[in-house]
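Q: If you want the building blocks of each chain, they are given just below.
Number of protein chains: 2
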Amino acid sequence: MNAGFFEKWKVLVFIGVVLLACPGWTIADVTVPKEYLALFQPITGIAVPNKENPVTPEKVELGKMLYHDPRLSKSGFFSCNTCHNLATYGVSNLPSDIGHKWAIGPINGPTVMNSAYNAAQFWNGRAKDLEEQAKGPILNPLEMAMPDEASAVKRIGSVAQYRDIFARAFPGEEEPLTYDNIARAIAAFERTLLTPSRFDSFLTGRGDALTDREKNGLKLFVETGCTGCHNGIGIGGGSFQKMGLVKPYRTANKAEGRFEVTKNKEDMNVFKVPGLRNIEMTYPYFHDGNVWQLEEAVRTMADVQLGKKLSDSETGDIAAFLKSLTGTIPKEALEMPVLPPSGHETLRPSFD
Amino acid sequence: MNAGFFEKWKVLVFIGVVLLACPGWTIADVTVPKEYLALFQPITGIAVPNKENPVTPEKVELGKMLYHDPRLSKSGFFSCNTCHNLATYGVSNLPSDIGHKWAIGPINGPTVMNSAYNAAQFWNGRAKDLEEQAKGPILNPLEMAMPDEASAVKRIGSVAQYRDIFARAFPGEEEPLTYDNIARAIAAFERTLLTPSRFDSFLTGRGDALTDREKNGLKLFVETGCTGCHNGIGIGGGSFQKMGLVKPYRTANKAEGRFEVTKNKEDMNVFKVPGLRNIEMTYPYFHDGNVWQLEEAVRTMADVQLGKKLSDSETGDIAAFLKSLTGTIPKEALEMPVLPPSGHETLRPSFD
Chain A
1136 MNAGFFEKWK VLVFIGVVLL ACPGWTIADV TVPKEYLALF QPITGIAVPN
1186 KENPVTPEKV ELGKMLYHDP RLSKSGFFSC NTCHNLATYG VSNLPSDIGH
1236 KWAIGPINGP TVMNSAYNAA QFWNGRAKDL EEQAKGPILN PLEMAMPDEA
1286 SAVKRIGSVA QYRDIFARAF PGEEEPLTYD NIARAIAAFE RTLLTPSRFD
1336 SFLTGRGDAL TDREKNGLKL FVETGCTGCH NGIGIGGGSF QKMGLVKPYR
1386 TANKAEGRFE VTKNKEDMNV FKVPGLRNIE MTYPYFHDGN VWQLEEAVRT
1436 MADVQLGKKL SDSETGDIAA FLKSLTGTIP KEALEMPVLP PSGHETLRPS
1486 FD
Chain B
1136 MNAGFFEKWK VLVFIGVVLL ACPGWTIADV TVPKEYLALF QPITGIAVPN
1186 KENPVTPEKV ELGKMLYHDP RLSKSGFFSC NTCHNLATYG VSNLPSDIGH
1236 KWAIGPINGP TVMNSAYNAA QFWNGRAKDL EEQAKGPILN PLEMAMPDEA
1286 SAVKRIGSVA QYRDIFARAF PGEEEPLTYD NIARAIAAFE RTLLTPSRFD
1336 SFLTGRGDAL TDREKNGLKL FVETGCTGCH NGIGIGGGSF QKMGLVKPYR
1386 TANKAEGRFE VTKNKEDMNV FKVPGLRNIE MTYPYFHDGN VWQLEEAVRT
1436 MADVQLGKKL SDSETGDIAA FLKSLTGTIP KEALEMPVLP PSGHETLRPS
1486 FD
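For the protein sequence lines, the chains are A and B, in the order given.
When you read off a place in the first sequence, starting at 1, and then add 1135, the result is the number in my numbering.
When you read off a place in the second sequence, starting at 1, and then add 1135, the result is the number in my numbering.
Chain A with its partners taken away, still in its complex shape (with noise of 0.2 Å):
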């Protein structure tokens, strides 16, 4: 061992030890804090229960099914998974959607995956779950354009199979075929719709599933305070919020949130916080669909809800966090229900 090592040897535990101290540069693991742990919950059971609408394989075939199948619309054109597309994780990727005649929707159509975790359903929180959000779109003039209640169940009920099929759903029950169990079917496929991911591995203690800008990122989520709202099993959908809390949101479109529902005037822009699980894959974002890019909606949301200014490396780490919330569709729900063929009696598509 000649001098000149000695020297280089030295040299080397310079650079390391300055290395260590900076922590911009530093290639020891990103920690995150237990307690920022502690305001999620990772996915774990195949469904989320509902005690009046017990999920069961018949019924979330069933749901599946009519789920699928465009006779739930007047034109016969429509299906749940027209606008809600489980190829898309369960969104259209369109700022709003398109409806009976080319009616253009008031607002952006939220995904239905992890939908059930939700406090409540749709924007403005109008339905108290997906068994009552169900019933909505199918009578929505702007959408489905069913002319009632009893259109919907005369259409299905003429397909001789669903008879049968219903019948197995709601054993016991004197009329299985009702619109409320149309409704139920549907939301019990929903509480199917759930899409671990990497984030509820490294939730459950597998610390390699976040890559360390991933941690980082989610440092910096808890840290601007977007826990605040998003949080819990969902990363959001418990509470509500108003859109422009610290500064104005400007947008053109004319929803105006909880309002709605309460006509109190406090509510006015107060919508439904939205889940941020696949994220990633259901832009355009906003309740008015606005924005496209997952950084720019990352640093309006700080802003105007937070009134803090994310620098681009900050974004750029927050953004690569939620796109760990991407998941895995069941591949159950990823499968394609044959639909059983309409009966001589079938109502008939109207396009009118």
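Calculated directly from the structure, the hints in this document are not laboratory data.
Among the clues, some could well be false.
No copy is singled out in the list; a pair is fine if it fits within one copy or between any two copies.
Claimed, not checked - Capping the alpha-carbon separation at 30 Å, the derived lysine-lysine pairs in DSBU-like fashion look like this: (1) 1270 to 1236; (2) 1458 to 1289; (3) 1270 to 1400; (4) 1444 to 1270; (5) 1236 to 1389.
What you are looking at is a predicted structure, and each value in this text was computed from that prediction instead of being measured.
Go by the hints and put chain B onto chain A.
A: Just chain B, lined up with the frame of chain A:
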């Protein structure tokens, strides 16, 4: 053995002789002559080959994604599957389909299932194969309404993951992402949409695969003359024929059939003979989508094409046979793909 018993035995023999002598009451098997069976061929392989576009697993997988991808439409709302829904045997079950800005299509949408067996594509046969066909609806202003091929290529090419998937599906090509290759991939997927049925089992020797009524329907189908056009592996799809051959077919539909392609007067109202596989499921019938009941379609065809009046029982038996053509959709085809997300540069949807 007493005399009374002997008398009863004679009565039973008498009844038996009467039953056997009366063809309407026979309990013997219906036998379908071999030469009748030679008019058809069973589905054997899992894909219909095309030398110019070999069907590979990579291409089929990509084709399935594109088939479900609404980004191939201007509005971002319509995919191939919107009108050729795999959940309903590759049709929409509508008289005609709805396109961009609620355009109502001029003709009934044919099924994609088993369409690879067709000698030509579209009702007027203007595309020689599925590879050529798939290029049409994307650009049709009444359907998916993409302004031009370049826009479709640009939209799909802006999806990062697609670039890799195209490279794998079209290995060795300098520029794998082209409009022709979009169509080739979709066509490769469609070449796998084959639905073996009980009739195929029957054709390959399983005599009990059809009921006696269905066998009788098959005999009547041949003896009435239906197999003049509805023959081969597709039970149709192999030729063109005038709609209203012996008697005018009255319709408000403006389609002129093969005349639109050839401009020959004798091709007026000449349409591609549709294949009858899954015909039970692909109502409403004919190029105008005017007829909803299979029995009515059978009766009308016999009348206007063959000048024959079928009895109710003959019509019913033929319809029963036709229902034995309802096949099994390949499991792989029913597994929905998960579509890759758009990029920052992806051309936005336009509803105008």
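Q: Would you mind marking each hint as holding or not holding in the structure?
A: Going through the hints against the structure:
1. 1270 to 1236: Classified as both; 20 Å inside a copy, 26 Å across copies.
2. 1458 to 1289: between (44 Å within a copy, 25 Å between copies)
3. 1270 to 1400: Answer is within: at 28 Å inside a copy they meet the 30 Å cutoff, but 53 Å across does not.
4. 1444 to 1270: Classified as neither; 41 Å inside a copy, 47 Å across copies.
5. 1236 to 1389: Classified as both: same-chain Cα gap 21 Å, cross-chain 23 Å, threshold 30 Å.
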